[in-house]
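A.B. asks: Read top to bottom, the protein sequences are chains A and B.
Be aware that the first sequence starts at 1, since it is given in the numbering used here, and climbs by one per residue.
Be aware that the second sequence starts at 1001, since it is given in the numbering used here, and climbs by one per residue.
If you are wondering where the hints come from, they were derived from the structure by calculation, not from laboratory data.
The beta carbon of each residue, even a glycine, is placed where N, CA and C say it ideally should be.
Each statement offered as a hint is correct.
As a list, the in silico PhoX-like pairs of lysine-lysine whose alpha-carbon atoms are at most 25 Å apart: (1) A/LYS93 - B/LYS1075; (2) A/LYS246 - B/LYS1015; (3) A/LYS90 - A/LYS161; (4) A/LYS10 - A/LYS93; (5) A/LYS161 - A/LYS10; (6) B/LYS1209 - B/LYS1015; (7) A/LYS10 - A/LYS90; (8) B/LYS1075 - A/LYS90; (9) B/LYS1075 - A/LYS246; (10) A/LYS246 - A/LYS161; (11) B/LYS1197 - B/LYS1209; (12) B/LYS1062 - B/LYS1209; (13) A/LYS90 - A/LYS246; (14) B/LYS1128 - A/LYS10; (15) B/LYS1015 - A/LYS161; (16) A/LYS93 - A/LYS161; (17) B/LYS1062 - B/LYS1075; (18) A/LYS90 - B/LYS1062; (19) A/LYS246 - B/LYS1062; (20) A/LYS93 - A/LYS246.
Footprint (simulated), chain B over chain A, 3 or more residues, beta carbon under 8 Å: (21) 6-15; (22) 76-82.
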Amino acid sequence: MLRAEILKLKRSATWIIALILPLLAVTTGTINLANNLDTLDAGWASFTSQVTLFYGLLFFSIGIGLIASTAWRMEHRGTNWNLLLTTTRKPVKLVIAKALVIMIPVAFMQLVLVAGTLISGTLVLGLDGAIPWQFALVGAISVLAALPLIAIQSLLSMLLKSFAAPVAICLLGCVVGVATVTSEALRPLSFIWPQAINTRALNLGSTALAGSGGLTAQDALPLIGTALGFALVIVVLTVTTIRTVKLR
Amino acid sequence: MTSVITTRGLTKQFKTHTAVDSLNLDVPQGHVYGFLGPNGSGKSTTMKMILGLTQPTSGDIKVLGEPLTRASRTKLLPSIGSMIEAPPGYGHLTGRENMRIVQDMLDLSTPQIDHALATVRLTEQQHKLVRNYSLGMKQRLGIAMALARDPALLILDEPTNGLDPAGIEEIRMLLVDLAGRGITVMVSSHLLDEIDKMASVLGILSSGKMIFQGSRDQLFEQSVPDLIIETSDPHAALAQGLTATRVPEGIRMSGIDKDQTAKVIYQLAVAGVPIYEVRRVAQSLEDVFMDLTGRGGLL
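With the rest of the complex left out, here is chain A (with noise of 0.2 Å):
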């Protein structure tokens, strides 16, 4: 099944989107550190900071609901649906196929926003100090602590033919994430608003929002924690919904 899954992705436009928001993140993050080298001084850790200031605000969280309504959208096409229910023996396994299979380009994205930021670092602004390796790490714990949103994406871009309307909610929970996190009395709901779990993921370590912990285990592995049972609960919630509605 997951097989099966993975070859969907083929040809499909979900590496495009993967491969363009993190360029822009880099880019402007070039861009804002190149114009304010006064401020910005500290060297690699600004510059990772101002990277993934946006890319964790908005980018990140865009880039998985439109990834996820590419991946769902063939199914919306022509009589797919059908097929796709009577050659699924168990909606569980489909559910989580689908997750995986959108957490693949995710994982893409943070590969080229990693490597395009230790790329442009080095060779566009030519910063001094040893290459931040750990920024790779950072990478890789936001793909796990993006699962919450790629849990609750895959549901509703299961449920809505619309490509559009998926992303647009996607967007409001980018607002009302950026709200917790830069709110002082919002900040508990920061650590289970799934936009907001994937800007303190991408922020670990930054210095560019306040409050935003450190690469530590300590601050690192209650996210990660979080976003495990977050994303578990609505794999089930999913899982009923396909019972309920497609199967009715």
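Could you slot chain B onto chain A? The hints should help.
C.D. replies: The following block gives chain B in isolation, referenced to the frame of chain A:
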């Protein structure tokens, strides 16, 4: 004759209308069952309920000897090949890649895939993107996807839609051949001609109700063809007070059964009307169908 599909009182109600109304379906094993009815008569809805794609409002379904439930559906799925409403397929993938998806979902072997593609004659086009396929090729790919699992039961909804006459003939021969190998085929159509030539059992649906189910011969028995009495003196025949119309060769009478026919012949003979020949009009399936549906019309 064992039934592969049995439904009792199968009903599907939507908010505003009843799509399928207390259907008692019996699809015998190893036959091509022609499921006939005008567009919107409830054929697709019935097939979807048999496949567990939509829940009936009431009634029971038995498939391959098992009552259809959520648990049995999972077990039955690999034995039932289906294509409902229109052929499925991922346009951004090739025909072969689409087949590989089915292969992976149902744990099929590569020879099964090759064989299914060869059966529908898509082997040469298997590496083309499906979005570039003609409607006929998409239709054949859909059938290949249903066939690859070597099903015991094949449920096809309007499989000849959009095919040219040669393509229709090909599908017809394929389905008859499959039935010959013991596979039960349930095939729907709104076109009489297509069904007439392949189905050995017919089910006719009109506005969600089954108006006939049985063999082709039984269907013809349902409606008595007109009687033609050939005579050189139709005036004398009509003067006997018969309800008949004049035709070039004599007179024509409707709705006359065997006993009545004998009486009419006796009456005319006694009256001295010369009778050259008495025969029934050759009747097409279409005539019978029109008769049954009260000229409500098919198409």
